[in-house]
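Peer 1: Now for the letters of each chain:
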Amino acid sequence: MLIKLTNGAVYDPASGVDGTKQDIYIQDGRIVNKPVGDDPVDKEFDLSGKVVMSGAIDMHTHIGGGKGNIARILLPEDHRQDPVARTDVTRSGCGHAMPSTFVTGYRYAEMGYTAGFEPAVLPINARQAHMEMADIPILDKGGYVLLGSDDYLLRMLTAKKDQKAINDYVAFTMQAAKAIGVKVVNPGGINAFKFNQRKLDLDEQNCHYGVTPRDILQVLATAVKEIGVSHPLHVHGCNLGVPGNVNTTLDTIQGIGGLPMHLTHIQFHSYGTEGDFKFSSGAAQIAEAVNKNKNITIDVGQILFGQTVTASGDNMRQHANHKFASPNKWVTMDIECDAGCGVVPFKYKDQNFVNALQWAIGLETFLLVEDPWRIFLTTDHPNGAPFTSYPHLIRLLMDRSFRNDVLSTIHPEAQKMTNLASIEREYSLQEIAIMTRAGAAKLIGLQDRGGLSAGNWADITVYTDNVDRQKMFEKPDYVFKDGQLVVVDGKVVSTKWGTTHVVKPDFDASLEKDLQKYFDRFMTMKLGNFKISDDEITEDGRGSLTIHPLNGEVA
Amino acid sequence: MAEITEVPSPFCGIGTDDLNIQVDGVALKVVKNGCAINTPAFEQVITDTLPRVEGKEVSLEVAVAKAAVLLKDTNQPLIGGCATDVNGMRALLALADRSGAVVDNMSFTGARNNFLALQDSGWMNTTLAEIKNRCDLLLVVGTDLESFSPRFFERYLWNEESMFLDDTSKREVIYLGKAPSGEASTSPNGQKAKVFECANADLPEVVAVLRALVKGNPIRVDFVGGIAVTDLQSIADKLKAATYSVVTWAAGALAFSQAELTVQTISEMVKDLNNRNTRSSGFPLGGKEGDQTANQVCGWTTGYPARTRFSSGYPEYDPYLNDANVLLANGEADTLVWVQAFNAKAVPPITTLPTIVVGRSGMTFTQEPDVFIPVGTPGIDHAGHAYRMDNVVAIRLKKLRESGLPSTFDVLNAIEQAL
Ligand SMILES: [Zn+2]
Chain Y
69 MLIKLTNGAV YDPASGVDGT KQDIYIQDGR IVNKPVGDDP VDKEFDLSGK
119 VVMSGAIDMH THIGGGKGNI ARILLPEDHR QDPVARTDVT RSGCGHAMPS
169 TFVTGYRYAE MGYTAGFEPA VLPINARQAH MEMADIPILD KGGYVLLGSD
219 DYLLRMLTAK KDQKAINDYV AFTMQAAKAI GVKVVNPGGI NAFKFNQRKL
269 DLDEQNCHYG VTPRDILQVL ATAVKEIGVS HPLHVHGCNL GVPGNVNTTL
319 DTIQGIGGLP MHLTHIQFHS YGTEGDFKFS SGAAQIAEAV NKNKNITIDV
369 GQILFGQTVT ASGDNMRQHA NHKFASPNKW VTMDIECDAG CGVVPFKYKD
419 QNFVNALQWA IGLETFLLVE DPWRIFLTTD HPNGAPFTSY PHLIRLLMDR
469 SFRNDVLSTI HPEAQKMTNL ASIEREYSLQ EIAIMTRAGA AKLIGLQDRG
519 GLSAGNWADI TVYTDNVDRQ KMFEKPDYVF KDGQLVVVDG KVVSTKWGTT
569 HVVKPDFDAS LEKDLQKYFD RFMTMKLGNF KISDDEITED GRGSLTIHPL
619 NGEVA
Chain H
13 MAEITEVPSP FCGIGTDDLN IQVDGVALKV VKNGCAINTP AFEQVITDTL
63 PRVEGKEVSL EVAVAKAAVL LKDTNQPLIG GCATDVNGMR ALLALADRSG
113 AVVDNMSFTG ARNNFLALQD SGWMNTTLAE IKNRCDLLLV VGTDLESFSP
163 RFFERYLWNE ESMFLDDTSK REVIYLGKAP SGEASTSPNG QKAKVFECAN
213 ADLPEVVAVL RALVKGNPIR VDFVGGIAVT DLQSIADKLK AATYSVVTWA
263 AGALAFSQAE LTVQTISEMV KDLNNRNTRS SGFPLGGKEG DQTANQVCGW
313 TTGYPARTRF SSGYPEYDPY LNDANVLLAN GEADTLVWVQ AFNAKAVPPI
363 TTLPTIVVGR SGMTFTQEPD VFIPVGTPGI DHAGHAYRMD NVVAIRLKKL
413 RESGLPSTFD VLNAIEQAL
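Listed in order, the protein sequences are those of chains Y and H.
Sequential numbering from 69 applies to the first sequence in our numbering.
Sequential numbering from 13 applies to the second sequence in our numbering.
FYI, nobody ran anything at the bench for these hints, they're computed from the structure.
Some hints could be false.
Computed list of lysine to aspartate or glutamate pairs in EDC-like fashion (alpha-carbon distance at most 20 Å, straight line) [unchecked claim]: (1) Lys585/Y <-> Asp178/H; (2) Lys397/Y <-> Asp178/H; (3) Lys84/H <-> Asp603/Y; (4) Lys410/H <-> Asp156/Y; (5) Lys581/Y <-> Glu173/H; (6) Lys410/H <-> Asp603/Y; (7) Lys411/H <-> Asp602/Y; (8) Lys397/Y <-> Asp284/H; (9) Lys391/Y <-> Asp132/H; (10) Lys581/Y <-> Asp30/H.
Over 12 Å on every C-beta distance to chain H, these chain Y residues come out as not near it, computed from the model [as the list claims (entries may be wrong)]: (11) Tyr93; (12) Asn137; (13) Asp150; (14) Asp203.
Residues from chain H shown here face chain Y by an in silico Cβ test under 7 Å; the list is partial [claimed, not checked]: (15) Cys210; (16) Asn212; (17) Pro327.
Predicted model, so just to flag it, every value in this text is computed and none were measured.
Glycine residues also receive a C-beta, built at the ideal position from the N, C-alpha and C atoms.
Okay, chain Y solo, but in the shape it has when bound (with noise of 0.2 Å):
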């Protein structure tokens, strides 16, 4: 089937198309070109005054695991508010914070979305997280695999085992867990938290093992850029929420040396002291410091206000933050010797101070950092909002006086500790294309997505230009992924299952049998039932595997 989408304005920054009138072409699930023949078109669509880009791509969006599961038994009166019943192509489910599965599919879908990557895949849990993305339709997926609290880690670190053996580790666990990306988490601070440690800066040394977060940060980095993983580590740093963690941040920049980093949910970590309330915006000094370090990559994490559920590996800090949790109930968890979790619901209220500010800090550091490549829209799903808040997120950059308008009614004591209403900057389309797609392929190091040039695949959002942005991007007039329409007007009319992204980076195979003795001293199962097997994503018959190749190797 030949399908044609006739004289859209195609934003496409993946081929540096900004806007222009074109035809596109798809035949087979791909974008193709124009056919030399007189292949019959068998089905077209006027897209005259019409604003075509590619699917969007959610990098860093909790969308998988047992946190989140956690974050939906933890809150049945969060559902009741937004039941979701089924349709004849629809299943059932809930929405608002933390959707069920299904129901994140449709809903990502419903805004032109795509792609999502779960960024926190504990090897232990990746089964979970896992058999969660193949229930969520539509949506293509990946995850992060989730090191630096893990005793094996550590132990290698003590051991002061030379950084090869730790490339075949973390190559290892990404081939495991079926990964395309490595995070790390309040570095080795989950880990001492089971020690008693109740903080951990950037030099402070974990009190069994003696190793720093600085430490673990370096050999890690160092890791993913040796064997060859596109996706620079993503790194949730240490002190998250802390006033004050600013410095630890630019410390962190800096202490990299250089090397490939990605830094999320940055507004978190964004804090100064300064003001009578000792809480100040470190917005400007976190901007000037990536606008600087071009090897750096942000997602900002924005909150937006209202109710929503922290869900976090960060064990340490989600404990320190409990006394926040609204409503009045929280988890915590100590995983296998792995990693950790703490879920905490939270309200972000536009008149408290604190809240407020961080809502500014947030719009302040979009606005600050130059490149849109290196920086990319996040509000860390659910954790500063849910996903469904991108479009409001997305008027907020493209429409100063609205951004204003909403300034001018938070807390008044926010307001003087904010620069915000004196930046002028508005995001184009081409900006937000960048950010939400062509940007985020590039990061993720995602082959054949993210573009709309001959040879993608056809993941395509058509939306009416509208100067209310929110309107606009709240409501795709299509969505095609793979070339099958799944959206039309904002509403799913038919859907599919995406596939599983991954890399499949080799290492020593002789590293298995220090783990195989590892794992019978002091794991819970043996190696060969810890590593997910190819069978396990593929044997339903919906779920697929997309391998991408490392840096340096050919597609």
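With chain Y held as given, fit chain H with the ligand onto it using these hints.
Peer 2: This is chain H with the ligand only, laid out in the frame that chain Y set:
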């Protein structure tokens, strides 16, 4: 004859995966690392291989068609049991969504004690590997742990080596409420568990006093539930002095009314300990016959645990009103689907309603159901996934033999497609 090694078990809840099983045709023999729960569960012979409709053997197609006819005619189907693997639960929930059924896991009334506490105030919990390597004091509340999980102590407490304890045999075990039924909790160097028995009905008070003592609140009586307050004080002192204490209970064993309040008191006590400059974690037991699996899969599919109805077109959770036994007793359901792929002895409740049983081969009924479809057991007849008790680790179940029995997923998916 073949011997399969490193076989994971979905039966014992603790995710043992070191079994060796001999396979001779469809006969299985556990030859290494069996236990009182796993060995009979693996070795149970296949009896039924063909489905039955009204007691007569039929093909799978005929049985599925009959089940679909029964379900089509209903106003309020009820799916009970819900004891299967992840894929089985996926198909079960798809069928429930399509038919507007109530879904109720057979262990939910026990598990409800945990869910109510979790959904009201939360908890700080841990997993098996943390226990194996860190736990220096285990407090067992109201539960006979070794009859629940025969190999718990051998695998996770008296393990030869641990990363953070010099000598695992020095770990301390204290029982509060129920006494252990055997010697599994006695350490390898002969140190016996300390036991403070009380009646089930007194546990709420005993646990409340223990929490008060942990917080340093004064207690004005000398005995609670027959236990000396000085003894409870010594437990509180040990909890505060421990480096990483673990408090465990089986929600289903707390068989007294409003036991959720006791789970909550335990969980809040663990939080209190963590505010007193030490570490402590809770550890609810479970993981048998797909209970955690049912709640996990229902959790991500609907947002709620596995006592949820679809009769309004969307999921609605009610831990009391959606109880299968309550619905049957009140005449609120008009068809029963019973799904139990693990345990042939766990038969459906006796009812006059049209009944479809998707059950492990070997089920015997005092009242023949309208439709009986024998299915394979996850981890024996087909591969799959099941959650173990800590609710974090999903074990990868292996296929051990070629029995020809369909999986729960195959059968329920076929029924859904036929609707
Ligand atoms: Zn995150």
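Peer 1: Could you run down the list of hints and mark each one as holding or not?
Peer 2: Taking the hints in turn, this is what the structure says about them:
no., hint, in the structure
1, Lys585/Y <-> Asp178/H, "holds, 18 Å"
2, Lys397/Y <-> Asp178/H, "violated, 36 Å"
3, Lys84/H <-> Asp603/Y, "violated, 35 Å"
4, Lys410/H <-> Asp156/Y, "violated, 35 Å"
5, Lys581/Y <-> Glu173/H, "holds, 18 Å"
6, Lys410/H <-> Asp603/Y, "holds, 12 Å"
7, Lys411/H <-> Asp602/Y, "holds, 16 Å"
8, Lys397/Y <-> Asp284/H, "holds, 14 Å"
9, Lys391/Y <-> Asp132/H, "holds, 15 Å"
10, Lys581/Y <-> Asp30/H, "holds, 18 Å"
11, Tyr93, "holds, 35 Å"
12, Asn137, "violated, 5 Å"
13, Asp150, "violated, 9 Å"
14, Asp203, "violated, 6 Å"
15, Cys210, "violated, 29 Å"
16, Asn212, "violated, 27 Å"
17, Pro327, "holds, 6 Å"
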